[in-house]
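Q: Sequence:
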Amino acid sequence: MATTAAPAGGARNGAGPEWGGFEENIQMWQAGKRQASRAFSLYANIDILRPYFDVEPAQVRSRLLESMIPIKMVNFPQKIAGELYGPLMLVFTLVAILLHGMKTSDTIIREGTLMGTAIGTCFGYWLGVSSFIYFLAYLCNTQITMLQMLALLGYGLLGHCIVLFITYNIHLHALFYLFWLLVGGLSTLRMVAVLVSRTVGPTQRLLLCGTLAALHMLFLLYLHFAYHKVVEGILDTLEGPNIPPIQRVPRDIPAVLPAARLPTTVLNTTAKAVAVTLQSH
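Letter 23 of the sequence shown, counting from 1, is numbered 16 in my numbering, and no numbers are missing.
Keep in mind that the hints were calculated from the coordinates and are not lab data. One thing to keep in mind: the hints can contain errors.
Restraint-style ranges between C-beta atoms, simulated for each label pair [said to hold, decoys possible]:
#, residue 1, residue 2, range
1, Leu208, His164, 21 to 27 angstroms
2, Phe46, Ile112, 33 to 39 angstroms
3, Met21, Phe46, 18 to 24 angstroms
4, Met82, Ile41, 18 to 24 angstroms
5, Ser55, His164, 18 to 24 angstroms
6, Ile159, Val223, 33 to 39 angstroms
7, Ala207, Asn134, 17 to 23 angstroms
8, Gly194, Gly109, 40 to 46 angstroms
9, Pro195, Lys96, 16 to 22 angstroms
10, Arg54, Leu200, 17 to 23 angstroms
Values in this document were obtained by computation on a predicted structure and should not be read as measured data. No residue lacks a Cβ here, since even glycine has one placed at the ideal position from N, Cα and C.
Required output: the full structure, derived from the provided sequences and hints.
A: Encoded structure:
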């Protein structure tokens, strides 16, 4: 009597397709997990940013003082700090000074728009002008990196912070122009001297340093004179002009009615109102 051979693999053969799909899902999940782990370790590793912010407070203090002292030796390239801690703190300090200046100028703050505008202005200038000057430096064959340009311009904002902090509390145009030339000019001359030491050729030096000096000094003028008006215009455009609330004015009984007819008129009006109320019910 012939017997039918049992299928190899027993009961697992019946669930073969389902079992294979389950194994494929596990493999896909493991592959996705490995890719996510690699991406997280690449982008979220704090060690990548640590060299740019690993600096001692004494070094930051000395670099702040050096940013206000122009150098005389331009025959060889001057050293530029390759860190972003000091420049970033100066940008945030400038944001705080702008907010303080807007409060002292009686500007109405609405829904945090003022803080966003100040942050956008300061960071936009720092990143935008650094990128533009770095592009010009590349065309002029200047020996400078993007990180060094960010650090140089960031420390150059110390003069802006000093001038604006003083002139926002003491409202004298003559005092502002004095500090604009002295303090702002010293920080600008420091940056210009560093770029001159790293650039070869008088034409290249004039183009690069003249552009940086003009942008840096004009930005300080803009922050002092035009920034408040521009922000107020933006707020009015986004939220519309302020409409005064409707005031309720009490109604008086007209004086044209004769004094003798006044009680009769009031009684007639009251009687008509009562009659209308009764009819409605």
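Q: So, for every hint listed, does it hold in this structure?
A: Consistency of the hints with the structure:
no.	hint	in the structure
1	Leu208 / His164: 21 to 27 angstroms	26 angstroms, holds
2	Phe46 / Ile112: 33 to 39 angstroms	19 angstroms, violated
3	Met21 / Phe46: 18 to 24 angstroms	39 angstroms, violated
4	Met82 / Ile41: 18 to 24 angstroms	20 angstroms, holds
5	Ser55 / His164: 18 to 24 angstroms	33 angstroms, violated
6	Ile159 / Val223: 33 to 39 angstroms	22 angstroms, violated
7	Ala207 / Asn134: 17 to 23 angstroms	21 angstroms, holds
8	Gly194 / Gly109: 40 to 46 angstroms	42 angstroms, holds
9	Pro195 / Lys96: 16 to 22 angstroms	46 angstroms, violated
10	Arg54 / Leu200: 17 to 23 angstroms	34 angstroms, violated
Hint compliance for this structure: hints 2, 3, 5, 6, 9 and 10 are not met, and every other hint is.
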